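Participant: Chains as they are written, first to last, in my numbering: chain A, 1082 to 1405; chain B, 1082 to 1405.
There may be inaccurate statements among the hints.
One copy or any two copies: either way a pair holds, since identical chains are not told apart in the list.
What the hints assert, rightly or not - Straight-line alpha carbon distances no greater than 25 Å define the calculated DSS-like cross-link-like pairs of lysine-lysine that follow:
#1 K1348 <-> K1378
#2 K1233 <-> K1209
#3 K1113 <-> K1363
#4 K1363 <-> K1121
#5 K1233 <-> K1178
#6 K1233 <-> K1113
#7 K1178 <-> K1362
#8 K1113 <-> K1386
#9 K1270 <-> K1362
#10 K1348 <-> K1233
#11 K1178 <-> K1386
#12 K1234 <-> K1178
#13 K1401 <-> K1386
#14 K1089 <-> K1401
#15 K1300 <-> K1363
None of these hints come from the bench; they were simulated from the model. Computed from a prediction, not measured in an experiment: that's the story for all the values here.
There are 2 protein chains.
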Amino acid sequence: MYSHSELKELVDKAIINLSFNTEAESLVDPIKYVLSIGGKRIRPVLALMACNLFNDKIDEAIMPAVGLEVFHNFTLVHDDIMDQAPLRRNLPTVHSKWDLNQAVLSGDVMAFIANECFLQTPLGCLQKVFRIYNTTATEVCVGQQFDIDFEKKTVVPEGDYLRMIELKTAVLLAASARIGAVIGGADEKDSELMYEFGRNLGLAFQIQDDYLDTYGDIKVFGKTTGGDIGANKKTFLLVKALEIASPDQFNQIHELIGKTETDPVEKVKMMTGLYDQLGIKKLTEALADDYIENAFKMLEQVSVKRERKAELEAIAGSLKGRNK
Amino acid sequence: MYSHSELKELVDKAIINLSFNTEAESLVDPIKYVLSIGGKRIRPVLALMACNLFNDKIDEAIMPAVGLEVFHNFTLVHDDIMDQAPLRRNLPTVHSKWDLNQAVLSGDVMAFIANECFLQTPLGCLQKVFRIYNTTATEVCVGQQFDIDFEKKTVVPEGDYLRMIELKTAVLLAASARIGAVIGGADEKDSELMYEFGRNLGLAFQIQDDYLDTYGDIKVFGKTTGGDIGANKKTFLLVKALEIASPDQFNQIHELIGKTETDPVEKVKMMTGLYDQLGIKKLTEALADDYIENAFKMLEQVSVKRERKAELEAIAGSLKGRNK
């Protein structure tokens, strides 16, 4: 069995060794930039862990795992265009460091690099794995479209919000786990359980992200809290608050959203006050915990000895009470 | 053997029957719009003809052929963003009919729809066909980047220009012919010949496009000529003219390019006058003819009876002296 850090190292090495069509340097530079920024490589690591759950040999899963990471970074490059984001992980985004054209085009090329990675899946499961990836890739785009659509709406039902984060974030973690399992030789039932494991983790993770932006400890969380409230971003907190607010509270929240000249610190304080009245903190914690609990249940049912599940349990466990 | 019109009908039908993830209508609408505009479907038709050259059964080539058309339309949607083009085929482009975000994202989804089409390639040649497609897709992006880069340069060497149109236009026609041949059961040598057939046709076609924009008969060509000259677009004509111009002629061309207030009709007249001095018309016609001639030579060498080549010969023949 491979440890988390061993798997991350394998992924990092494979990403460094990716080969590119280098005829147009101006296209490759943004791609190398984006892929070198790094991060936790959670999707490929999850895929490799899922493969390793069923199989001691994981070599054949490495390139498809890298494909998941390249695809994820492709979505970040294009999402940053759409969100007009100047920074990601405190570094300039591609469209601000280069320009819109290079961001669109180098993003496109990343989608084809991801394809190239998936084409290295063992022939016996190539079509199956590629289909899981491709369906998921489309769903992630649909999730991004919902996210854009929602920002224009006054009220978004909680169910719609959860479906949006499921598509935008959770299905790719789900697909990562399933793809790893399929390459590892898991049967249909276990592959499906792994998909559900990843999906529940993804939902928990995104809800915690929303939570930490408001309730995170700045010193631990690493960035200023309250950014979402300041930007009137539709988060689970806001969606839930509007859903359960009394008419009076509903109006107060909406007035606050409409205020553009309020001191940001004051705005965060007032919105948090309203959230407190509605018990949003506890409701959000409870929902994330439910999803983590579900993930554990799924993993438990996978027909593999308990000791092989240690690394995956550790990942799910690390989300419990996550504070950064 | 299938006729050109039968193949186009098969392609049109398969495109109409494409299924989409319809959860986000706002994403699917632009895709349906783009794919319904139609056009000659030259890439899928070429793929099916290439398949039919080697095989009476072409069913298995239809979906990969459609994948080529979907990919081509994906590049148009994203290219129109980069070129800030308001119209294509006299209809609003996606980013002008909807917005930038929907154009980026619906384009992205089209890349995954193309993947889905290629995943329906028979298993025996799935990996091979998908690799041809994927390598080509990257090359097309590189071609677009060159095109953007060239517009910022004063002088582009003829060789660089030809490589740009090879990447941006010709390799996709080449890949279409090769993919059809591979699915039809052609051996490596014949597949390569078909690739070269398509590549030469693509080069001829693009050079003729440049030619017709200046020398086409408005009544036949269907659009106003001189648009490229007015927009100072780097065409083969301009690139070649700058390459062979005397220092004096070079300066005259550059002065003309720098003039923004000249009457457009006058500008076209003056530039065409300079082209005439340099014999650009004949040089361009001759180059296109060379490529068409090369295409015929490639097709001739394919190890299949002459009578099976009739439809492909007709396509190559229709480019000779093309006036629209």
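Participant: So, for every hint listed, does it hold in this structure?
Facilitator: So, going through the hints one by one against the coordinates:
1. K1348 <-> K1378: neither (40 Å within a copy, 74 Å between copies)
2. K1233 <-> K1209: Classified as neither: same-chain Cα gap 37 Å, cross-chain 44 Å, threshold 25 Å.
3. K1113 <-> K1363: The answer is neither: 42 Å in one copy and 44 Å across copies each exceed 25 Å.
4. K1363 <-> K1121: neither (28 Å within a copy, 60 Å between copies)
5. K1233 <-> K1178: between (28 Å within a copy, 18 Å between copies)
6. K1233 <-> K1113: between (34 Å within a copy, 24 Å between copies)
7. K1178 <-> K1362: Classified as neither: same-chain Cα gap 37 Å, cross-chain 42 Å, threshold 25 Å.
8. K1113 <-> K1386: Neither: 40 Å inside a copy, 49 Å across copies.
9. K1270 <-> K1362: neither (36 Å within a copy, 67 Å between copies)
10. K1348 <-> K1233: Within. Shortest intra-copy distance 20 Å satisfies the 25 Å Cα cut-off; inter-copy 47 Å does not.
11. K1178 <-> K1386: For K1178 and K1386, neither the intra-copy (49 Å) nor the inter-copy (56 Å) Cα distance is at most 25 Å.
12. K1234 <-> K1178: between (31 Å within a copy, 21 Å between copies)
13. K1401 <-> K1386: within (23 Å within a copy, 70 Å between copies)
14. K1089 <-> K1401: This pair counts as within: shortest intra-copy Cα distance 21 Å, inter-copy 57 Å.
15. K1300 <-> K1363: within (22 Å within a copy, 72 Å between copies)
Hints 1, 2, 3, 4, 7, 8, 9, 11 from the earlier list are contradicted by this structure; the remaining hints agree with it.
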